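**Q** Chains A and B, in that order, give the protein sequences.
For the first sequence, the residue numbers in this note's numbering are 1 to 481.
For the second sequence, the residue numbers in this note's numbering are 482 to 908.
Treat the hints as calculated values from the structure; they're not laboratory data.
One or more of the hints may lead you astray.
BS3-like cross-link-like pairs, simulated, lysine-lysine; straight-line CA separation at most 30 Å [as the list claims (entries may be wrong)]:
no., chain 1, residue 1, chain 2, residue 2
1, A, LYS281, A, LYS425
2, B, LYS605, B, LYS591
3, B, LYS591, A, LYS346
4, B, LYS803, A, LYS443
Owing to the predicted nature of the structure, the values given are computational and were not obtained by experimental measurement.
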Amino acid sequence: MAYTEEELKKELETKEYEYGFYTDIESDTLPVGLNEDIVRAISLKKNEPAWMTEWRLEAYRAWTQMEEPAWANVTYEKPDFQAISYYSAPMKKPKYESLDEVDPELLDTFKKLGISVDEQKKLAGVAVDIVMDSVSVATTFKKTLAEKGIIFCSISEAIQEHPELVKKYIGTVVPERDNFYAALNSAVFSDGSFCYIPKGVRCPMELSTYFRINQAGTGQFERTLVIADEGSYVSYLEGCTAPTRDENQLHAAVVELIALDDAEIKYSTVQNWYPGNKEGKGGVFNFVTKRGLCEKNAKISWTQVETGSAVTWKYPSCILKGDNSVGEFYSIAVTNNYQQADTGTKMIHLGKNTKSTIISKGISAGKSQNSYRGLVQVNSRADNARNFSQCDSLLMGNECGAHTFPYIETKNKTAQIEHEATTSKIGEDQIFYCNQRGIDTEKAIALIVNGFSKEVLNKLPMEFAVEAQKLLEISLEGSVG
Amino acid sequence: MAFENRVDVEHPVHDIRTEAIKFFEEKGFPTKKDEAWKYTSLKTLLKNDYSVFPKEESALEFKDVKKYFIHDIDSYKIVFIDGIYSSHLSQTSHEGLDVCLMSSALSKPKYQLIIENYFNKIAKTDDSLTSLNTAFSREGAFINIPKGKVVDKPIQIIHLATGKESSIMLQPRSLVVVGENAHVQIIERHQSLTDNPVLTNAVTEIFTHKRGIVDYYKIQNDNPNASLIDNTYISQQQNSHASVHTFSFGGKITRNNLQFVHKGEHINSTLKGITITEDKQHVDHSTLVHHATPNCESHQDYKGIYSDSSTGVFNGRIIVEKEAQKTNGFQQSNNILIDDKATINAKPQLEIFADDVKCSHGCTIGQLDEEALFYLQSRGIPKKEARALLMYAFANNVLESVKIPEVKTRINKLIAMKLGVKVGFDL
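Could you put the whole structure together from the sequences, leaning on the hints where they help?
**A** Put into structure tokens, the structure is as follows:
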């Protein structure tokens, strides 16, 4: 029987969020609202040195002067920043020797999500620094990493144990007053990951962190700082799923990458936070600032698969400061029902012979809006800068929208820039071809969508590729086999 | 409002004007904070104290300004000197069509219906510069082509500025109505004759009825002290074809706002442009094609060559509404930067709400092919000419669709002049 578009729509609408659950763990939560005292209290709770407290306060003061940006192609009810609790940490802060000591409820959570910490320890070769509502509770493979001199820990731990590194690099790529959400994050960030790869070290495993938003009404403000020293290499994975919630949850993270001379950082994200139900109610607001700085001959590569969140507002960027540095951005953004995504990248060419590649694939279904917004800027001193951008959109159904807003600014005559964008739907002839080869319509759509996204999926590390495909399935179930 | 008393209060469009004044007073001139003006600043222009209505009329001899006309063809001419109609230089007509003046269309009862139906109907009322024009424009071209009429010769609209006033602001307002199956070709030029600053804020509304054809050519090669803000709005009905070619070679700051609105099926819209700039020139092309109906096509093709410390802006936008299925929308912007200080800012945007469409945009920024240059030099063509040849080839796509041979020749000459070479042939 032919699989019609009507059936597809029905299935898409009724598809519920599979990873929705809520774990009941006692939390230590600060009163709602935000003022200087709250900022101080967060800093105090985390036992931070004075310079950190001061840094947070400065960010907070800058934030109070800022206005929430409204230029993105998304509409949503603005969050009330005084109605959010800015800190929540699991009460029983554990210092485990082994997994047996871990709160069984937490372990259960991980099981539901399909992450078995002990199994990963043995099999996957992935060190996981799990962030559960703002405080890191389980860290594995630390020893193996320590042998190489790699520091991989929560950022609060790093502030305690490696203050010189944190002090030197934090806020250098995303200054505390960079934008509204970055300033907010700088003021109130509760935890996050910190990673330092020493000179010439190639990180032997994929580092990964899982973020969860768990405590109801808690904004998640993560801060990630990755520093790759000269000639080093690291591949960093970040994956997200969040429990079902009716009220909108705010997530305003900041990620800073620093690739010193000849270093390479590969940063991959799979984001599948709760997108809201089919009426567009609920869902996570994802307002993230991600930026990387490349010194000489360095390379930063962003790969992202964005399937979740009600509203996404995210532009992982590269500042190509050093000569011969390379920036890459590979993205798949899938929106369904009432989801809205305004995502893209910024490539700022400052050094000579810098190269950047942008591949962005947008898939919109249901009543969603999917926008690519990107900037390619070539400075007057960036001789021989090279950029290639490609933004393709796929529309499913006639109630969704796909938009492209590229900005290209060139001040150098030796720059070579190409930008192309296409928008199309899945061709009837393509499906017909598959049908007559004995592939049913659903499988055919799956094939075509997979082919459409392949360029980006291929860039994901093995561990993530499977999960990414799974997420594409959930987001477009019915159309992807 | 200093000049309100100079506007005829009894006028039928008085209400429209009052609204427009109100809006402009509220909004003021656009600044770089407005997204649409992100890359173009009017600051340097607004420093001058412009006189808005010229104090005295000027007369010019045809032989002195002949070179600004496409003079080797027979044509209708509507000529303005400092914003005032010059009957001496013009050649208008009321035989089988109306090629005349906006002021007479606004005042004569027989045109009242047309004015009511078309005046300020597609010009954006929420645009401050358009509102400024609506409020204070007094003159412009009025062209009305009745059903089935194929106009026998092109119409030239020439705006001359004598520079008698130390600085002048001109606000021409034109209306073109093309009836069913009618066909018209229009050439438009703004020209300042001295080095005194001129700021032109022009608004043109063009209505194309079923199966009508409009070819519009804008030649912009003004003095380095003249600036132009051109707002052209085109409304198309089913099966109509409208094409606008914009050739921007001169002027200090040139901003072209070009907007197409579709009101029927099987419409074809073409927007093409060649931009060659030098010194501190600034040329900004802002286009919008609004696809609101199914089965329509639009083609945008803009080429730019930027030297010295000139700046180019391409701000192209295609909107495809939910209803506009089977739309084909193409947008292409190719740019060459010749010098280190030249800048190009491009923002090719697509906003698509329909699923069964084919839309694409491409934008490139690059240099002349060194190998091609070397090849030509190895064949004995001097470097300067070789470069010019390659630039000709680069821009040629746009020239191909120019339908008046004399216009093509003129553009070729202007390109050669601008590139400072004589290639000895026409493309």
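**Q** It remains to establish, for every hint, whether it holds in the given structure.
**A** Right, here's what the structure says about each hint:
1. Restraint check for LYS281(A) and LYS425(A): the C-alpha separation of about 27 Å stays at or below 30 Å, so the hint holds.
2. Between LYS605(B) and LYS591(B), the direct Cα distance comes to roughly 26 Å. Compliance with the 30 Å bound is thereby established for this hinted pair.
3. As the CA atoms of LYS591(B) and LYS346(A) are separated by approximately 57 Å, the hinted pair breaks the 30 Å bound.
4. The straight-line distance between the Cα atoms of LYS803(B) and LYS443(A) is roughly 27 Å, inside the 30 Å bound, and the hint therefore holds.
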